[in-house]
Amino acid sequence: MRVGIPGGLLYYRYGKLWTSFLQALGAEVVESGETTRSILSSGVSKAENESCLPVKVFYGHVLALRDKVDAIFVPRLVSVRKGTHTCPKMLGLPDLARVAVEDRTPIIAPTINFQEGMWANYRAVYSLGRLFTHNPWRIIRAGIRAWREHRLYLERLTLGLDHRSALRGEAENLLCEGRELRIAVIGHHYNVYDTFTTMSLLDRLSSMGVDVVTADMVPEDLRKKELKRLPKDIYWSYEQEIAGAILACTRHRLVDGIIFMISFPCGPDSIVRVLCEQENKRMGGVPLLALVIDEHTGEGGFLTRIEAFVDMLWRKKGEAAREREAVAV
Amino acid sequence: MRISWPHMGSLEFVLSSVFEELGLEYVLPPPSSQRTLELGARYGPEFACFPLKTTLGNFIEAIEAGADTLIMVAGRGPCRFGFYAETQRRILEEAGYEFRMVPLEFEPARIPTTVRRLRELKQGRSWSSLFRAIKFALSKAYLIDRLEQQALHQRCLDRERGATTKALEKCYRMVWKADSYASLRRVEEEAFALLLSLPRAERETVKVGIVGEFYLVLEPFFNLGVEEQLGNLGAYVERNIYLTDWLRPSGRNPVAGHHDRESEEAARPYLTHFVGGEGLHSVGGTVLYRRHGFDGVVHIMPFTCMPETIAKSILPQVSRDLGIPVLSLVIDEMTGKAGVATRLEAFVDLARFRRRAGERGLDLSLQPAF
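Going line by line, the protein sequences match chains A and B. For the first sequence, the numbering used here gives the first residue as 351, with consecutive numbering after it. For the second sequence, the numbering used here gives the first residue as 291, with consecutive numbering after it.
Hints are computed from structural coordinates only; laboratory data are not their basis. Incorrect hints may appear among the rest.
Here's a subset of chain A near chain B, in silico, CB distances under 7 angstroms, partners left out [what the hints assert, rightly or not]:
id	residue
1	Val394
2	Glu398
3	Glu400
4	His435
5	Pro438
6	Gly442
7	Gly493
8	Trp497
9	Leu604
10	Gly617
11	Ser620
12	Val624
Chain B is faced by these chain A residues, among others (derived, beta-carbon under 8 angstroms) [to be verified]:
id	residue
13	Ser401
14	Thr436
15	Gly519
16	Pro581
Pulled from the structure, derived: some chain A residues nowhere near chain B, Cβ distances all over 12 angstroms [to be verified]:
id	residue
17	Thr455
18	Ile584
19	Pro615
We put the CB at the ideal spot given by N, CA and C, even for glycine.
Only chain A is shown next, with the shape it has when bound in the complex (with noise of 0.2 angstroms):
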């Protein structure tokens, strides 16, 4: 059976664990690969208006794989944390995906709710493996493999490689390699490893000479931290992820600058980005620029916003470093 897995959305947190599940089951997996421009555009044409640009992307992926394959794989993730949710569009991701390839291809979504506990997702992934094989023992192998591997994954994003290193399982390609100037680019895993969408932003920055720090990279227990100091906890899952390490770069003077990488129009951060903004400005933190990307952005454009906040941050930190050396003095 030949499963086809998008790369959009969540293949860029779950891609590893799904692909080495399925491997490991014996099914043939084919993946759409990273995003282009036809991908962009045929999304782009079948989704609606209103949606954000990775469900665009993610329609674009869909339609990709649709007479590829037997069938797609969709998961619906509806909370990865107890106590928490994700986005609307990932509760309502697999039906989305049926409308767009106007039921010519089965969706296999299982669906993954860490508020039922865990004999609900034990069941849910173990259904799935039923798909391909009676043998018991060989699902419970395949988890087990699968979820080594994806632990290995985000360890390496951790440790500070780029997505697609991590994925491929190499170990050079460090985003963060000890230089002077140090900027976060923090956001949703999508809008920040996509390459395309982002129009390789973080390549553009380590050639302009500067470290990039991503939310993986921020310890967790910082960011958890951090948001124990917030009044109202926040509900989604991954927009936890990005405030805490927002905040915690700023009380913790990690960096020098923060890139808050939203796509427009989505839910979660245009609430999150006020709280964050309001934080940053009341500690008194470091320069923060929202990037906020459609499918209209122009490169001009968005490079010369990155250029500029690189050459403000320079220029910040020479001021510093010239103040330092006249106390010296």
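Dock chain B against the given chain A, drawing on the hints supplied.
The following block gives chain B in isolation, referenced to the frame of chain A:
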């Protein structure tokens, strides 16, 4: 303490009845206007949903009118609504307004906090008097909903355009003045008699259902009076959300006559999971309207509303499969009245054409949604 809250449909009658009953001071925010919209759009986040901006505008105008305590309902997602109170508090504080925001959360884990906040709000009045006041206000809300429903049904038969709307406003005032269950019963009889006594014309009507995001469906100023426009175009209108559904989640649709579960079942072939807000019920409601013989469905949503965007992506398929025209109206601060009016006119024409064709047994090719 001068308490205020944002407008939402006839919520003002309900809450002011509670505070009047308790003898507490409150401030009604000025009626929503273009200025509310401008204030909200100026201070609100760029692509936050439209209701956040409009209620923010209401809050600013309420503070200007002398309110110092603002009530807002909060919750725990997945929709953004649960975070409104916190976001609006931050925005208003940054803009330099002085006030206190009281977010009320009604979920099991947060009940103790909510009880503490309610205790502050009631300022020494007894709990039993608070409950009595709320109960009485709920009966008012229920009556208002039934009156609104009656108005929706009969507006298309008005011999004189606007007569029903005028009568409905009179009914609102009558309900507002009622101060005991006995007078409420009297008001009920009088109000229904008033609505039913309006002169009616013999006219061919079409049946149009309204689904969508609750705030926008309930707020005639911000949805540009879709219900009234549809009624004036000769449509028998029904909506799947009334205020009491929202005030009493357990009693969902006591007025419209179908239930939560029913609507979820109906949505199942298209949308199988709760997506926050009213997304699931917008899809389910459309299917139910089709089953009940309606000729078309108008779907109202604010720009960038997350659950309704999902519904909007799925509704074209529902429309194709079941052969019911669906018009999605996406509304934000830029939406013009004329554009909406034109689309509604075209839509009612389409629905009427399809109804006639259906009555004559003509074969209707599948209509694309628009």
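Against the earlier hints, flag every one the structure doesn't satisfy and list their numbers going up. 1, 7, 8, 9, 15, 18, 19
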